[in-house]
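Sequences are here, hints too, so could you generate the full structure?
Line order of the protein sequences matches chains A and B. According to the working numbering, the first sequence is numbered sequentially starting from 23. According to the working numbering, the second sequence is numbered sequentially starting from 2.
Don't read these hints as lab results, they were simulated from the structure. The beta carbon of each residue, even a glycine, is placed where N, CA and C say it ideally should be. Where hints are given, some of them may not hold.
Claimed, not checked - Example chain B residues on the side facing chain A (calculated, C-beta under 10 Å, incomplete):
hint, residue
1, 15
2, 27
3, 57
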Amino acid sequence: MPERKQNLPQLYRFCFLMLGDSRKAHEVFHTTLREAAVRAAQGELPREPLWLFRDARWRSLEASKTDLQPEPLELDEHDVTPEAALQTEQLEPTQLAIWISNAPDPQRTALALFYLDEFDYCEILDIAELKLNVLSRYLSQGRRQLQAWLDAKHPEPRQI
Amino acid sequence: MKTFGLLRRQRALLNCAPISQDGLADRSMRSAVYRAAASADFVNQQNFDRAIAELVRRIPIPPETAEWFSEKDLAVGSKWTWKKIVRNPAVLAISIAVLVIAGVSVFQLLGRLHDFPGSTTARKLLSVAASTRPVMLDPVNTEAGTLSDLFFMKHGLEHYDVPVEFADFQAIGCRVFEDEESRRIAQIWLAEKRMQVFLFPAERDTKTGAVLHFPGWRYVHQEGWVGAVREHSGVCFMAALRGREKELEPYLSKPKE
Chain A
23 MPERKQNLPQ
33 LYRFCFLMLG
43 DSRKAHEVFH
53 TTLREAAVRA
63 AQGELPREPL
73 WLFRDARWRS
83 LEASKTDLQP
93 EPLELDEHDV
103 TPEAALQTEQ
113 LEPTQLAIWI
123 SNAPDPQRTA
133 LALFYLDEFD
143 YCEILDIAEL
153 KLNVLSRYLS
163 QGRRQLQAWL
173 DAKHPEPRQI
Chain B
2 MKTFGLLRRQ
12 RALLNCAPIS
22 QDGLADRSMR
32 SAVYRAAASA
42 DFVNQQNFDR
52 AIAELVRRIP
62 IPPETAEWFS
72 EKDLAVGSKW
82 TWKKIVRNPA
92 VLAISIAVLV
102 IAGVSVFQLL
112 GRLHDFPGST
122 TARKLLSVAA
132 STRPVMLDPV
142 NTEAGTLSDL
152 FFMKHGLEHY
162 DVPVEFADFQ
172 AIGCRVFEDE
182 ESRRIAQIWL
192 AEKRMQVFLF
202 PAERDTKTGA
212 VLHFPGWRYV
222 HQEGWVGAVR
232 EHSGVCFMAA
242 LRGREKELEP
252 YLSKPKE
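Put into structure tokens, the structure is as follows:
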């Protein structure tokens, strides 16, 4: 299994994007690895790649079940603009994580995995258990919603 | 994404286009990206994705989480190293058991190297010597060498001769007894260093009945006692005392073989 696919810092970031809370992300990350350590000691580590991320995904979804859920709203959507890159510079990673973690799953998983820039689309389809056209729709919609949110939060890109 | 000239699948692929170029391993994805490379919408999407991915890369890793990263073996599967194998309790237990068995085998092999025909009987007689008290023997006051005649005439024991090396020592007691195999053993207690000597039938070949000869003096050890054994005319003679070989050596005419 290529090590890149089980990159532990990226696993933590994935948990953080899924939960939007560093304490919960640490808990899920820690539990996932502790379970992995037990399985490793028993020689029962799965042979399939990406199992750590798959495991962390379900733990994250489980952990967020008890959270207050956002009301289902129709989010605004804007076309992605050339200024979007500048607008994101005014964002903090935590703000982005909170935004992604509030997305309904499986869009949340799709966005978190995609923006980790760790997996190709086939691997994302595998972990998120989606079909290509569904993943495509979630990502496209996510970009447009994120752009609308950026427009609302930072109407003017920061002048450099 | 307004890429009207593209097929539906290619549009789907473009929405999932990798943020960095090393994710272009898939042929259909490469083709879709190549066709849309000049599209302003696609360029905007790529810039947007890169900016968001950069933001994700800036997510700080808490120190308590970073502690796990040194243990990447957990993530990539447990690799068996020689050190791990050696530390495995099962391997350790088996290794210790094998070492003990090997040690016992070597010890027994070394013990057998010094064996000779009659050595087993000689060791038993060393145990007899250790437990014998003077009162158990018939008191005599003569030279050991003269007792050969007594053994022959009184007990019919032929060739039960005390070697010349010990013939002149004063004997203070003697007896003839049978061991558990009904072999007749002559035992003499000498005044010299409280030494005891034994005369017993030499070991014979079980098939032919021929005496199993061995040359010179041979040593045996048992419970702190040492015996020097020699075979002559089908009878073994053993001089025994509590102590070590070097205490017996001066009495033996020839060096041990």
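Verification of the hints:
Interface hint at residue 15/B: satisfied, since its Cβ lies 8 Å from the closest Cβ of chain A, which is below the 10 Å cut-off. The beta carbon of residue 27/B is positioned within 10 Å of a beta carbon in chain A (closest approach about 7 Å), and the interface hint is therefore held. Taken as an interface hint, residue 57/B checks out: its beta carbon lies about 5 Å from the nearest beta carbon of chain A, inside 10 Å.
Consistency note: the structure conflicts with none of the earlier hints.
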